[in-house]
Amino acid sequence: MSSSIFVLAETVEEQIKALQDRQALDSQILTEQFYFWTVVIMWLIHAGFMAYEAGAARRKNIMSTAMKNILTIAVVTPTFYYFGWYIYGCMQTGFPTVGPDSLDGHAGPPAFPGFCGLTAPWSEGMGPNLQDHVSLVFFLAFLLFSWTTASIMSGALIERVRLSAFLLLGVMLGSVVWILDAAWGWSSGGWMTTRFGFHDSIASAVVHGVAGAFTLGVLLNLGPRIGKYDVMGRARTFRAHNTHMTLMGLMLIFTGFYGFYAACLVIQSTTFPGWLNIYLSPTTLGTIAMVITFGFAGGFTGGWFASKGDPFWTLSGGLAGVISVSAGADVYHPSLAYLLSFTGGMACVWVGTWIEKTLRIDDAVGAVAVHGFSGFYGIFLVGIFAGGYPTGINNIESSFGGQLIGILTFVPLGFLSGYVFSWILKKTNLLRVPPEVELEGLDMAEFQQDFYPEFERAPEVIIGPDGEELEAGPILLDGYATVTSGRATTRAGS
Amino acid sequence: MFDAFPFDEWGEEITTFWTFGVEGDTGTIVLTILGVLLMIGSLIAFVRMESGKLDRQAAMLKQAMGPPPPGA
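Residue numbers (my numbering), protein chains in the order written: chain D, 1 to 494; chain Z, 1001 to 1072.
Extracted from the complex, chain Z is given alone in its bound form (with noise of 0.2 Å):
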């Protein structure tokens, strides 16, 4: 299966696109929206992970004990 793979064939056209090259080419550019897109995601994830964990801890501490006791 890996021998059916052209991997000389495309090897040197993918080096190209996603190694950086000249400035602006268009591998470049992508990479960096890509990256963006990463960084962008990942704060609003941040963001949304958190608000779940606290939300369920706050609730469940409610729950439980009404105001819980104080950690130590």
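Next up, chain D with everything else stripped away, as it sits in the complex (with noise of 0.2 Å):
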């Protein structure tokens, strides 16, 4: 009797760890599964970008436009897999160290002791592991944040950057700068997070702040396109192609947005208690989701009264809003959300008009106002509405003094880093198209062809500063000789 039960036990216990083995793969598996659609789902940031960049150039600039954003992908990619991860991996705490005190070598993050090896491209976590359901899954989402950074870049450069020279910048800034601050501020390890408490749960500022400083860095160099401003250094527009592509491309982007908030979540429930914040610490999908929703809402509608019911600008209001809510979407209310992103929405478009016509910044896009004025609003907003909330492993209090020392930290990484590798190559004559083929339009000398063939081309128009509609030949033709004699016409040097 009594070995009968014992044999019972046994097959129980047996039959118990069989079914716990079993979750646990199945939970891996649902892991593996939530990362892979986020970055199926993210894909439509890159074609939204593209998409939204080539309707904002002229009808001669559209392939050089949108092939930036297909070639991001082909040099982004080997370069974060590269160094990019590594970085990401091995420096959360500053910089690689050896000695006694350092984790084999590297400073790797204490809540993942093993995450630095894992990021090593010949380390069992990069390639084909069937012990491994999560290390490539994850890092595919980081690569697309990192794609994200140089297109966020791109198109503030249109019409006038080498192709070659932002591809360089984008590896810089997608595999170097923005992957070091992610390393800092963005990670259960990172020293920001475990000394500070800086809480930017959905990268306000590690993403969209960081490159928005760096655009800002490249476009000190680059200087604005020809014809943009006059010899009174009031800022001229140039009519985009195809308003309505630039539209459709910003609604792509936030689709793809619902991917990346998703993206920046860790779930593993056989490791984990429920949802977690890239800090590890709580919150739900649902909570950012209604924060992402609610944050277009206030900010179209802060975008839409700022800009007195501009399209362009209604939209991209839409994106400030989010971004400005993006750093504590994990805890914020639906409605603090609507209001925050309100104030982000209306504050880009004025942002975005004090650099194009006060500071004479040719921001195609007004990228520095969307993506880096906001991301950074966004670390500060958390500093007021979100302090005292722990953070991260060590539960650090979330401060204003935390993220003002991330906003010290980030801003002069993005810009100085951005503006020291753009001077190199104006230096070297390989940041800038020569003028001659800006005139043109770059898709003859890149491509040697037009995109429209089937329709006449109708004479370019330049909105002149009081809004009236001018011929531009005589315009750009002035402008090329003020190129080319040197002779500075303009505060912004072009």
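These are computed hints drawn from the structure, not numbers from a lab. Just so it is clear, CB atoms sit at the ideal spot from N, CA and C, and this is done for glycine as well. Among the hints, erroneous ones may be present.
[What the hints assert, rightly or not] Simulated DEER-style distance windows between Cβ atoms:
id, chain 1, residue 1, chain 2, residue 2, range
1, D, VAL231, Z, LYS1062, 23 to 31 Å
2, D, GLY114, Z, PHE1007, 37 to 45 Å
3, Z, PHE1007, D, LEU25, 32 to 40 Å
4, D, LYS357, Z, MET1060, 54 to 62 Å
5, D, ILE393, Z, TRP1018, 36 to 44 Å
6, Z, GLU1023, D, LEU359, 45 to 53 Å
7, D, ASN394, Z, GLY1011, 46 to 54 Å
8, Z, MET1060, D, TRP37, 48 to 56 Å
[Unchecked claim] Calculated cross-link-like contacts (lysine-lysine; reagent style DSSO-like; alpha-carbon spacing at most 30 Å):
id, chain 1, residue 1, chain 2, residue 2
9, D, LYS426, Z, LYS1062
10, D, LYS427, Z, LYS1053
11, Z, LYS1062, D, LYS427
[Stated by the list, open to error] To be clear about the criterion: a stretch of chain D counts as covered by chain Z if any three or more of its residues have a C-beta under 8 Å from a C-beta of chain Z, and this derived list gives those stretches:
id, segment
12, 71-80
13, 150-164
14, 350-356
15, 443-454
Since each chain sits alone in its own frame, please combine them into the complex, following the hints.
Here it is, written out as structure tokens:
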């Protein structure tokens, strides 16, 4: 009797063990599927950026604009694989060190002791591995973030940057600069979080803010498009060749943002109790989905009113609104998100106008305002509205001071790296296309064709500073003469 | 000719070398080095190829018409 009970107990124990193993495997595969589908959805961001920027370009620069977005994938993917991911895995507590205090010679995150070693391209985490269902899809989600940083910069530089210069800048931003700031301030082991409670849950600053700051540094060296400013330094407007394409692109970006938001969370039911943010603090998928939705609502509203109904700035306001509330999206109430994103949507219009008209910096799509300003505004808001929220594995409280440290770290990191690298390209004459090519249009030089061959060319029109429509030819030729003669006529140094 | 090639004999060794094996084995290291070389080479080639195109187009435009008419 007792022996049969003993056998039964052994059998039940084996069955429980088998069920536990199966549950663990199912859980890992669900995690794998989750990140896989976020990656698929995030592709829409890049389809959207391509349409957005190509639509904003003049007809003579359509394909050169679109190719920047496509070739971003060609260069950021391998560079992020071969060294970008290693930066994230191994530099969270600072730069790699060698010595008794280091973790296998690296500065690895304490929450995942073996993570650093899994990020090297020759490691078991970066290739086919039947025992690891998470590392590769997690890498892919971050890779899509990396493409996004390069795409943020892309639109600002259109119609005069060399394609190859953009690709080199994209590598620097997408595979070095942003991922270094993510290691420091957007990871469970990042020194900014574990020491100062820095909180940027859905990457307001670490993706958007830093990319915007980097872009600003590049724009200072790149200079404005020929004809952008008149001799008085007043801004003219180049008419987008297809505003509908631009707006459709923005809507695709917005759709992809739901994947982006979801991919910023961590889920692994056998390891963690539920949904966690990137710092391993609890939240829910519904919380962030509500914030992004109300962020769009508030941002569209703010952008509409601040721009007095301008379609481009209304949609850009939606993007800025979401970015403004992303940093606290894991804890914000939907009403708070609505209110804050309304202010973000309005502010981006004013900042964008100020950058264009007062600073005389030619940011073709307002990326510095929409992403740069709104990104840092987002982490600033967390310091005010989510101060005291415990962040990360050390449960350090978020604070205004901690957020300020984030701003003071990331603004120079983004701006200086963008400025210095683009300055080197400028000095080696690799940054900007020749003025003759810019005047004719980049598509003819790069691809030897017009991309709407079946449609007759309408004379190019420029919107003057007072809103009047002007024939572009004389203005562009005058601008060309200014550039080639070296006679400076504007403070922007065109 | 194909029958003469020792596929069966070599197949397993080739597969072991070129597909992912244990961390840091020779095949993985060789693939990583080749990938890095392609990455660096393509970045250099992107710059050189575009420079050639832009220089030729700019020279042609300068020679043909001085300042070219602006594109529509």
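Status of the hints after comparison with the structure:
1. One distance hint, 23 to 31 Å for the beta-carbon pair D:VAL231 and Z:LYS1062, holds here, with the actual separation near 25 Å.
2. The hinted window of 37 to 45 Å between D:GLY114 and Z:PHE1007 holds, with their beta carbons roughly 39 Å apart.
3. For the pair Z:PHE1007 and D:LEU25, the supplied restraint of 32 to 40 Å holds, since their beta-carbon distance comes to about 36 Å.
4. Between D:LYS357 and Z:MET1060 the beta carbons are some 37 Å apart, a value that contradicts the proposed interval 54 to 62 Å.
5. With their beta carbons about 40 Å apart, D:ILE393 and Z:TRP1018 fall inside the hinted range of 36 to 44 Å.
6. For the hinted restraint 45 to 53 Å between Z:GLU1023 and D:LEU359, the CB-CB distance of approximately 51 Å keeps it satisfied.
7. Between D:ASN394 and Z:GLY1011 the CB atoms are about 53 Å apart, so this pair conforms to the stated range of 46 to 54 Å.
8. For Z:MET1060 paired with D:TRP37, a C-beta distance near 49 Å keeps the hint of 48 to 56 Å intact.
9. Between the alpha carbons of D:LYS426 and Z:LYS1062 the distance comes to roughly 22 Å, so the proposed pair stays at or under 30 Å and holds.
10. Pair hint D:LYS427 plus Z:LYS1053 holds up; C-alpha atoms about 20 Å apart against a cutoff of 30 Å.
11. Proximity of Z:LYS1062 to D:LYS427 is assessed by CA-CA distance (about 23 Å); at most 30 Å being required, the pair is judged to hold.
12. Against chain Z, the segment 71-80 of chain D contributes 5 residues with a C-beta closer than 8 Å to a partner C-beta. That satisfies the three-residue criterion, and the hint holds.
13. With 3 residues having a Cβ less than 8 Å from any Cβ of chain Z, the segment 150-164 of chain D passes the three-residue criterion, so the hint holds.
14. Coverage of the segment 350-356 of chain D by chain Z is violated in this model, with 0 residues showing a Cβ closer than 8 Å to a Cβ of that chain against a need of three.
15. With a threshold of 8 Å between beta carbons, the proposed coverage of the segment 443-454 of chain D by chain Z holds, since 3 of its residues qualify and at least three are required.
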